[in-house]
Amino acid sequence: MKARVIVTLKNGVLDPQGKAIEGALGGLGFDGIGAVRQGKVFDLVLSATDKAAAEAEVAQMCEKLLANTVIENYAIEIE
Amino acid sequence: MKTAIIVFPGSNRDRDMFHALELITGTRPQGVWHTEASLPDVDLVIVPGGFSYGDYLRSGAIAARSPIVKDLIRKADAGVNVLGVCNGFQILTEAGLLPGALMRNAGLKFVCKEVKLQTVNSATRFSSRFVKDQVWRCPVAHHDGNYFAQADDLKAIEDNGQVIFRYAEGTNPNGSINDIAGITNKAGNVLGMMPHPENLIEDLNGGTDGRLLFESLLNAA
Chain F
1 MKARVIVTLK NGVLDPQGKA IEGALGGLGF DGIGAVRQGK VFDLVLSATD KAAAEAEVAQ
61 MCEKLLANTV IENYAIEIE
Chain R
1 MKTAIIVFPG SNRDRDMFHA LELITGTRPQ GVWHTEASLP DVDLVIVPGG FSYGDYLRSG
61 AIAARSPIVK DLIRKADAGV NVLGVCNGFQ ILTEAGLLPG ALMRNAGLKF VCKEVKLQTV
121 NSATRFSSRF VKDQVWRCPV AHHDGNYFAQ ADDLKAIEDN GQVIFRYAEG TNPNGSINDI
181 AGITNKAGNV LGMMPHPENL IEDLNGGTDG RLLFESLLNA A
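Chains as they are written, first to last, in the numbering used here: chain F, 1 to 79; chain R, 1 to 221.
Simulated from the structure, these hints should not be mistaken for laboratory data.
We put the beta carbon where it would ideally sit given N, CA and C, even for glycine.
Heads up, a few of these hints could be off.
Ranges between beta-carbon positions, derived for each pair [stated by the list, open to error]:
1. K132/R <-> G27/F: 45 to 53 Å
2. G32/F <-> D153/R: 32 to 40 Å
3. L46/F <-> D71/R: 24 to 32 Å
4. G29/F <-> S128/R: 40 to 48 Å
5. P9/R <-> N11/F: 52 to 60 Å
6. A156/R <-> R4/F: 32 to 40 Å
7. P9/R <-> V36/F: 51 to 59 Å
8. N11/F <-> D71/R: 17 to 25 Å
Derived DSS-like pairs: lysine-lysine, alpha-carbon spacing no greater than 30 Å straight-line [stated by the list, open to error]:
9. K2/R <-> K109/R
10. K132/R <-> K70/R
11. K186/R <-> K64/F
12. K116/R <-> K132/R
13. K19/F <-> K64/F
14. K155/R <-> K64/F
15. K10/F <-> K132/R
16. K19/F <-> K116/R
17. K132/R <-> K113/R
18. K109/R <-> K19/F
19. K70/R <-> K116/R
20. K64/F <-> K109/R
21. K64/F <-> K70/R
22. K2/R <-> K10/F
23. K40/F <-> K10/F
24. K2/F <-> K40/F
25. K40/F <-> K109/R
26. K132/R <-> K2/R
27. K113/R <-> K19/F
28. K51/F <-> K19/F
These stretches of chain F come out as covered by chain R in the derived footprint (C-beta under 8 Å, 3 or more residues) [unchecked claim]:
29. 22–29
30. 65–78
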């Protein structure tokens, strides 16, 4: 079973890297950009076979390590 | 005063801290490797600066989950004094010993220079040798020093007097909210700060402003 974890900055948390990317895209002539926020993607290969159990375990991984929940949100996709 | 310094793979300011503490306390600190299960019985535990685990995932994130940090949390909860400098501050926030988080500098660049700090709370075991609102010189060297806390956490640390040091006179090098350079936990026995007081402790460094922090701890011991 595979899981994908997407970690993003919470609303209201300043993202200087996203701002810099936004500026660089503008410099390349992409002028229709409202905002850019940078995040992280983790792809996990799991030995679990039960989808609900896998999702619960990955949520624990997010809480304990993959995300810093002071500043970040996470989303989990299981396939 | 007995002290211990935790060393992680990628720590690089640990030697400066050994030197500073030996010079100021007269006793060589004990070094503790990150894989050890327990800390020795000491008055002060230091989490030094550097780039533990190469800053992988987030600065301090992997180190905060290492075996020795489990015991550090137990010792801190029991009232032992803990000082985290730079990467040490990042590790203490990642370990949940201090509120908030340290994010990429607002200017996106690594900053290595001298700033001015203001001791806004001198009624703590880490700052009693300063005069309240004293402005002093201190070096910084970091890429992820932009302190952030959610509004309710920020209000709590401000209301409780947990902000000990702020960047003074327009020298905020990293965009930290409320110019915060160093905070304690609510109990007051854990201090985290981005600047390096251990690098300004003798004339050879060009000044001795940083000594006051360590002398405060000596007074308290």
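Hints and how they fare:
1. Distance hint for K132/R and G27/F: a CB-CB separation of about 47 Å, consistent with the stated range 45 to 53 Å.
2. In this structure the supplied range 32 to 40 Å holds for G32/F paired with D153/R, their Cβ-Cβ distance being about 36 Å.
3. Evaluation of the 24 to 32 Å hint for L46/F and D71/R yields a pass: the beta carbon distance comes to about 31 Å.
4. A beta carbon spacing of about 58 Å between G29/F and S128/R contradicts the range 40 to 48 Å that was offered as a hint.
5. P9/R and N11/F have their C-beta atoms about 35 Å apart, which leaves the hinted 52 to 60 Å range violated.
6. Distance hint check for A156/R and R4/F: the Cβ-Cβ separation is about 35 Å, which falls inside the suggested range of 32 to 40 Å.
7. Our hint of 51 to 59 Å for P9/R and V36/F is violated, since their Cβ atoms are close to 34 Å apart.
8. Separated by about 36 Å at the C-beta atoms, N11/F and D71/R break the suggested range of 17 to 25 Å.
9. This hinted pair does not check out: K2/R and K109/R have alpha carbons roughly 37 Å apart, beyond 30 Å.
10. At roughly 34 Å between alpha-carbon atoms, K132/R and K70/R are farther apart than 30 Å, so this suggested pair is violated.
11. The suggested pairing of K186/R with K64/F holds, with an alpha-carbon distance near 22 Å, which does not exceed 30 Å.
12. The suggested pairing of K116/R with K132/R holds, with an alpha-carbon distance near 14 Å, which does not exceed 30 Å.
13. With a C-alpha separation of about 28 Å, the suggested pair K19/F and K64/F falls inside the 30 Å cut-off, and the hint holds.
14. Taking the CA atoms of K155/R and K64/F, the gap is about 25 Å. The hint holds against a cut of 30 Å.
15. Of the supplied pair hints, the one linking K10/F and K132/R is violated, its CA atoms being roughly 36 Å apart against a limit of 30 Å.
16. Annotation: proposed proximity of K19/F to K116/R holds, straight-line Cα distance about 28 Å (limit 30 Å).
17. For the proposed pair K132/R and K113/R, the alpha carbon gap of about 24 Å is at most 30 Å, so the pair holds.
18. With a C-alpha separation of about 14 Å, the suggested pairing of K109/R with K19/F holds against the 30 Å cut-off.
19. Among the hinted pairs, K70/R with K116/R is inconsistent with the structure: their alpha-carbon atoms are about 34 Å apart, more than 30 Å.
20. Taking the CA atoms of K64/F and K109/R, the gap is about 29 Å. The hint holds against a cut of 30 Å.
21. A C-alpha spacing of about 13 Å is found between K64/F and K70/R, which places the hinted pair at or below 30 Å, so the restraint holds.
22. Among the hinted pairs, K2/R with K10/F is inconsistent with the structure: their alpha-carbon atoms are about 41 Å apart, more than 30 Å.
23. A hinted pair counts as satisfied when its Cα atoms are at most 30 Å apart, and K40/F with K10/F qualifies at roughly 13 Å.
24. Pair hint K2/F plus K40/F holds up; C-alpha atoms about 17 Å apart against a cutoff of 30 Å.
25. Simply put, K40/F and K109/R have alpha-carbon atoms about 20 Å apart, close enough for the 30 Å limit, and the pair holds.
26. Restraint check for K132/R and K2/R: the C-alpha separation of about 27 Å stays at or below 30 Å, so the hint holds.
27. Between the alpha carbons of K113/R and K19/F the distance comes to roughly 24 Å, so the proposed pair stays at or under 30 Å and holds.
28. Restraint check for K51/F and K19/F: the C-alpha separation of about 37 Å exceeds 30 Å, so the hint is violated.
29. Restraint check on the segment 22–29 of chain F versus chain R: 0 residues with Cβ-Cβ distances below 8 Å, three needed, restraint violated.
30. Given a C-beta distance limit of less than 8 Å, the hint that chain R covers the segment 65–78 of chain F holds, as 5 residues qualify and 3 suffice.
Hint check: violations occur at hints 4, 5, 7, 8, 9, 10, 15, 19, 22, 28 and 29; the rest are consistent with the structure.
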